[in-house]
Amino acid sequence: MERALRDKKAICIFVLPALIWFCAIALFPVFQSAGYSLLDWDGVTKAKFIGAANYIKMFQDPLFFKSIWNSILLAAASVFIQLPVSMILALVLAGGVRGENFYRNAFFVPVIISGTIIAHLWLKIYHPSYGLLNMGLGAVGLDALQREWLGDQGTALLACFVPMVWQYIGYHMLLFYSAAKSISPEIIEAAQVDGASRFQTAVRVIIPMIVPMIKACVIFAIIGSLKSFDLIYILTNGGPVHASEVPSLLMYKKIFVTNEYGYASAIAIFIILECLVFTFIVQKIFNHIQKD
Amino acid sequence: MKAKKVLGFVLAGTMIAALAGCGSTGGTAKEKTDTDKKESSKESGEDINLTFWHIWPDAEMGEIVDSYVEKFEEEHPNVHIEAVATQEVEYQNNKLKVAAATGSQGDVFVCWGGGYAKNYVEAGNVLQLDELMEKNNTKDDLLEGTLTYGTYDDKVYGLPLKQWAGALFCNEDLFEEYNVKIPETFDELLEAVKAFRAEEVTPMALGAKDGWHIGMIQNALAVRTEGADYMNRALQGEETLDTEGIVKSAELLCELNEAGAFPEGTLGLGAEEAQEEFYMGMVPMYYGGSWVASGCDSDENDIQGKIKAVPMPTVDGGKGGVNSFSGGAIDMIMLNANTKYPDMAYEFAVGITKYMSEEAYKIGDSLPAWKVDVDESEVSPTLKQIENLIKNADGYVLAWDTFLEGTAIEKHYELLQGLMAGTTTPEEFAAGMQEAQLQVKRGDTE
Amino acid sequence: MKRRSSKLKRTGTVKTIVLLFITVVQLFPLYWMFTFSLKSNREIFGGNIVGLPENWEWANYAKVFEKAHLGRYLFNSTVVTGLTIAFTLILSAMATYAIVRLKWKLSKFVYFIFLTGMMLSIHAVLLPLFVNMKPVLDTYWALIIPYVAFAMPTAILLMVGTLEALPKELEEAAFIDGANIYRVFWQIIMPLLKPILSTVAILTFLSAWNEMMLAIAFVSGEKYKTITVGVNDMVGKYSTKWGLIGAGLTIATIPTLFLYVFLSKNIQKSLAMGAVKG
Numbered sequence: 074m075e076r077a078l079r080d081k082k083a084i085c086i087f088v089l090p091a092l093i094w095f096c097a098i099a100l101f102p103v104f105q106s107a108g109y110s111l112l113d114w115d116g117v118t119k120a121k122f123i124g125a126a127n128y129i130k131m132f133q134d135p136l137f138f139k140s141i142w143n144s145i146l147l148a149a150a151s152v153f154i155q156l157p158v159s160m161i162l163a164l165v166l167a168g169g170v171r172g173e174n175f176y177r178n179a180f181f182v183p184v185i186i187s188g189t190i191i192a193h194l195w196l197k198i199y200h201p202s203y204g205l206l207n208m209g210l211g212a213v214g215l216d217a218l219q220r221e222w223l224g225d226q227g228t229a230l231l232a233c234f235v236p237m238v239w240q241y242i243g244y245h246m247l248l249f250y251s252a253a254k255s256i257s258p259e260i261i262e263a264a265q266v267d268g269a270s271r272f273q274t275a276v277r278v279i280i281p282m283i284v285p286m287i288k289a290c291v292i293f294a295i296i297g298s299l300k301s302f303d304l305i306y307i308l309t310n311g312g313p314v315h316a317s318e319v320p321s322l323l324m325y326k327k328i329f330v331t332n333e334y335g336y337a338s339a340i341a342i343f344i345i346l347e348c349l350v351f352t353f354i355v356q357k358i359f360n361h362i363q364k365d
Numbered sequence: 084m085k086a087k088k089v090l091g092f093v094l095a096g097t098m099i100a101a102l103a104g105c106g107s108t109g110g111t112a113k114e115k116t117d118t119d120k121k122e123s124s125k126e127s128g129e130d131i132n133l134t135f136w137h138i139w140p141d142a143e144m145g146e147i148v149d150s151y152v153e154k155f156e157e158e159h160p161n162v163h164i165e166a167v168a169t170q171e172v173e174y175q176n177n178k179l180k181v182a183a184a185t186g187s188q189g190d191v192f193v194c195w196g197g198g199y200a201k202n203y204v205e206a207g208n209v210l211q212l213d214e215l216m217e218k219n220n221t222k223d224d225l226l227e228g229t230l231t232y233g234t235y236d237d238k239v240y241g242l243p244l245k246q247w248a249g250a251l252f253c254n255e256d257l258f259e260e261y262n263v264k265i266p267e268t269f270d271e272l273l274e275a276v277k278a279f280r281a282e283e284v285t286p287m288a289l290g291a292k293d294g295w296h297i298g299m300i301q302n303a304l305a306v307r308t309e310g311a312d313y314m315n316r317a318l319q320g321e322e323t324l325d326t327e328g329i330v331k332s333a334e335l336l337c338e339l340n341e342a343g344a345f346p347e348g349t350l351g352l353g354a355e356e357a358q359e360e361f362y363m364g365m366v367p368m369y370y371g372g373s374w375v376a377s378g379c380d381s382d383e384n385d386i387q388g389k390i391k392a393v394p395m396p397t398v399d400g401g402k403g404g405v406n407s408f409s410g411g412a413i414d415m416i417m418l419n420a421n422t423k424y425p426d427m428a429y430e431f432a433v434g435i436t437k438y439m440s441e442e443a444y445k446i447g448d449s450l451p452a453w454k455v456d457v458d459e460s461e462v463s464p465t466l467k468q469i470e471n472l473i474k475n476a477d478g479y480v481l482a483w484d485t486f487l488e489g490t491a492i493e494k495h496y497e498l499l500q501g502l503m504a505g506t507t508t509p510e511e512f513a514a515g516m517q518e519a520q521l522q523v524k525r526g527d528t529e
Numbered sequence: 167m168k169r170r171s172s173k174l175k176r177t178g179t180v181k182t183i184v185l186l187f188i189t190v191v192q193l194f195p196l197y198w199m200f201t202f203s204l205k206s207n208r209e210i211f212g213g214n215i216v217g218l219p220e221n222w223e224w225a226n227y228a229k230v231f232e233k234a235h236l237g238r239y240l241f242n243s244t245v246v247t248g249l250t251i252a253f254t255l256i257l258s259a260m261a262t263y264a265i266v267r268l269k270w271k272l273s274k275f276v277y278f279i280f281l282t283g284m285m286l287s288i289h290a291v292l293l294p295l296f297v298n299m300k301p302v303l304d305t306y307w308a309l310i311i312p313y314v315a316f317a318m319p320t321a322i323l324l325m326v327g328t329l330e331a332l333p334k335e336l337e338e339a340a341f342i343d344g345a346n347i348y349r350v351f352w353q354i355i356m357p358l359l360k361p362i363l364s365t366v367a368i369l370t371f372l373s374a375w376n377e378m379m380l381a382i383a384f385v386s387g388e389k390y391k392t393i394t395v396g397v398n399d400m401v402g403k404y405s406t407k408w409g410l411i412g413a414g415l416t417i418a419t420i421p422t423l424f425l426y427v428f429l430s431k432n433i434q435k436s437l438a439m440g441a442v443k444g
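Protein chains in written order, with the numbering used here: chain A, 74 to 365; chain B, 84 to 529; chain C, 167 to 444.
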């Protein structure tokens with residue numbers, strides 16, 4: 074068996090198709106982009122090599138820092154609000170409730186619906202004069218809390234976060250749920266025979282056993298936040314006056330509105346590196362936890 | 084067995100893609116050759132396949148395109164035309180940009196003149212039309228001045244699809260209901276705004292989330308304060324944008340904003356959302372391009388026959404009079420420099436441009452750019468009003484965002500939103516625009 | 167004893183109420199999309215945003231089918247998404263097996279390479295990708311190839327996590343029985359991975375079905391247009407006919423709902439099976 078697992082031919086057959094496909098299509102263009110990031114290029118006319126000038130420009134651009142900061146806030150909201158909610162729902166459902174399947178499917182629905190429609194829905198919810206939110210606040214006498222949610226620089230970012238966090242609660246819930254469900258029932262029964270309550274079982278038995286999935290979800294949530302684009306693009310397009318700017322959107326505008334292809338590529342490379350760094354940190358933290 | 088086959092196919096696919104990747108690394112548009120073009124255009128009896136990229140996937144305009152394509156194919160049995168429709172915003176921001184960067188857009192394609200197509204022209208991806216125009220005497224059929232923004236370095240690259248002109252659309256029903264006078268001067272406009280506001284009616288439609296929508300108003304005010312001639316020179320970079328008149332135009336916009344002219348939360352509203360309230364007859368005023376006319380006359384909306392189109396109100400002490408307008412011919416049809424059949428593509432391009440020009444005129448989408456022969460009764464009534472307004476036009480200025488290039492466009496939107504949010508002063512606006520303009524020009528000469 | 171059970175009942179009721187409330191929140195967009203697809207602009211802008219339609223405008227659906235080639239688009243989306251899922255599942259599972267179970271020096275490094283893929287956003291590589299994909303533009307492959315490439319990292323991450331947690335006894339037993347490595351993969355590993363394969367299938371489906379940027383840039387003609395692009399096309403520039411758009415979106419969403427329900431049953435089944443064996 075040991076020999077079978079070291080069979081070079083088998084390893085190649087298993088790995089190469091996926092690896093070649095992935096490298097040629099997804100990874101190789103990144104190196105092309107890295108090359109572009111050293112150019113002064115509008116994407117069309119002749120490019121000029123300018124070395125690291127785009128990166129220097131980037132680090133002097135206050136807008137760039139603002140967008141990074143916004144995306145980090147979003148990542149924090151995802152990890153500390155979205156994931157705990159998903160976890161609670163997953164554990165409640167996995168612990169057995171009447172209508173478990175129904176709830177699981179219902180909670181997942183927002184994930185199924187495309188980002189475009191989710192965004193349009195929230196546009197209507199936030200609409201200043203006949204939006205659901207302001208109407209609701211008015212109905213319960215909280216007129217003072219009514220806002221121009223997306224049009225106000227103070228609330229636009231928050232207003233974008235809510236639907237983003239909300240939409241993917243069901244996504245993480247499903248992942249946690251499927252991980253919790255794959256724990257063999259004997260282990261859980263054993264804990265309960267020992268007198269552990271459902272809550273204690275969840276905290277002491279289930280959560281430690283699904284740490285790999287938690288790690289995966291934390292990474293998903295962080296990377297997803299750092300790359301977020303669709304919803305903000307439709308809700309505010311980064312406005313008003315860049316209040317809700319995020320790096321992907323900034324990059325998109327640099328490519329498609331202002332034709333700064335070189336600069337946009339530099340931002341793209343930065344986003345990739347940033348994600349790598351965060352993933353690395355998360356991996357380290359979880360290695361530490363798993364060892365304990 | 085099956086799995087093996089699939090795998091082989093996948094690998095082949097990957098290899099092809101990988102090879103293609105290697106072959107074109109760092110390849111800009113410069114690589115293309117002109118040889119195949121010359122070879123094939125000589126023969127005329129062969130089968131000719133052309134693609135036409137346009138922006139009208141919706142039924143009304145789409146049918147107009149299809150009907151012309153059909154007609155053209157009947158007249159030229161050896162020609163097959165594939166019309167590819169993409170939604171305008173996606174086309175402008177994504178599809179055309181990606182394709183034109185490598186010269187792989189359709190043989191005939193919708194494009195915008197001014198700053199938008201400049202890069203593609205410089206990169207050699209757009210066919211120069213002078214010889215073909217000469218040969219076909221095309222210029223005789225065109226209205227004067229419509230080629231301006233399709234011309235780069237004195238050479239023509241674009242055929243104008245239509246012209247537009249800006250106007251203030253007023254819902255007469257609402258003006259009567261609240262006993263307000265349709266404004267002719269800026270002061271009257273302010274009064275009207277205040278009068279409607281007092282009745283809790285949103286006076287003007289504006290979706291300030293879309294920078295261009297604010298620009299429509301500020302740009303039109305600048306035509307009033309600074310005059311059309313100066314604005315055209317300034318936007319071309321021959322004069323400064325940091326002038327008192329331009330500061331004034333921004334101030335006037337702020338005055339309107341402070342008087343409550345625009346919807347609540349306008350910075351969070353898109354242009355379409357905002358204009359819908361005008362079409363529903365809830366908002367009395369809307370400053371927009373002549374395309375608004377088609378919405379005013381559409382059965383789907385509630386304001387048919389109620390709309391009076393008037394010029395942007397005049398500004399006391401401004402250099403531009405009532406006969407200067409925002410507008411011009413910026414929507415173009417261009418030819419791909421890589422097309423194998425330039426003659427046939429040109430014939431089709433001219434044909435469809437003329438045809439579209441006429442049809443769009445009828446439905447109230449835009450003013451024609453060609454000398455058209457249309458039965459007056461078929462033309463949209465609101466558009467007819469605009470046509471009467473511009474009879475004595477002495478100058479047109481395009482929307483700034485079609486004139487400007489690259490970074491200056493984004494800066495323009497940013498500063499306009501800043502004005503609306505109160506974070507940018509009118510002085511900063513004018514100075515910021517000038518700086519952005521200088522930066523772009525500097526980049527060009529380097 | 168009695169008191170305890172009534173307390174249990176009460177917490178049970180509270181739980182049910184909370185869960186039902188969340189259900190309403192989560193299902194709201196579906197309800198909203200469906201109702202606005204049956205309204206006219208007049209009604210929506212007149213203030214009836216969330217209520218049931220006053221006049222049920224079923225004509226919106228008829229108009230959408232009449233105007234756009236929705237049948238064609240649905241077919242295209244099905245082909246593209248179906249093949250994307252098939253390739254993603256098979257290739258990712260194979261790579262996962264090699265990374266987790268097979269013994270070779272570079273396995274960690276290869277895993278890391280795949281993980282970097284998660285950092286990539288499609289916008290970042292749009293232009294180089296377009297240049298590289300030129301030979302297959304305007305075919306189904308123009309979409310399938312990049313979709314699979316961008317779906318594999320997530321798939322592999324999820325599968326590696328799952329496979330690592332699975333006991334090795336079954337495989338070891340199979341090897342002792344003389345099975346070769348391919349049989350072990352196909353007959354032992356794949357069935358073990360079934361629950362996560364269903365999950366990955368759903369996620370891949372969603373990203374491929376709803377993807378718009380590549381679908382617009384890489385495919386030109388009507389022939390290969392996907393439903394998402396088709397629906398987007400209906401959003402005209404100068405008019406926002408919400409009822410029609412809603413009808414289009416509803417039509418585009420129905421297959422996703424069906425597929426989800428279908429696959430989620432599958433998850434349930436595989437979960438139950440896995441539990442019996444494990």
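Please keep in mind that the hints were generated in silico from the structure rather than gathered at the bench.
Please read these numbers as outputs of a predicted model, since none were measured by experiment.
Treat each hint with caution, since some may be false.
Stated by the list, open to error - Computed footprint of chain C on chain A; a stretch qualifies when at least three of its residues, placed anywhere within it, have a C-beta under 8 Å from a C-beta of chain C:
1) 103–112
2) 117–130
3) 180–188
4) 296–304
5) 309–315
Positions of the beta carbon are idealized from the N, C-alpha and C atoms, including for glycine.
| task | Provide an ascending list of the numbers of those earlier hints which the structure does not satisfy. | result | 2, 5
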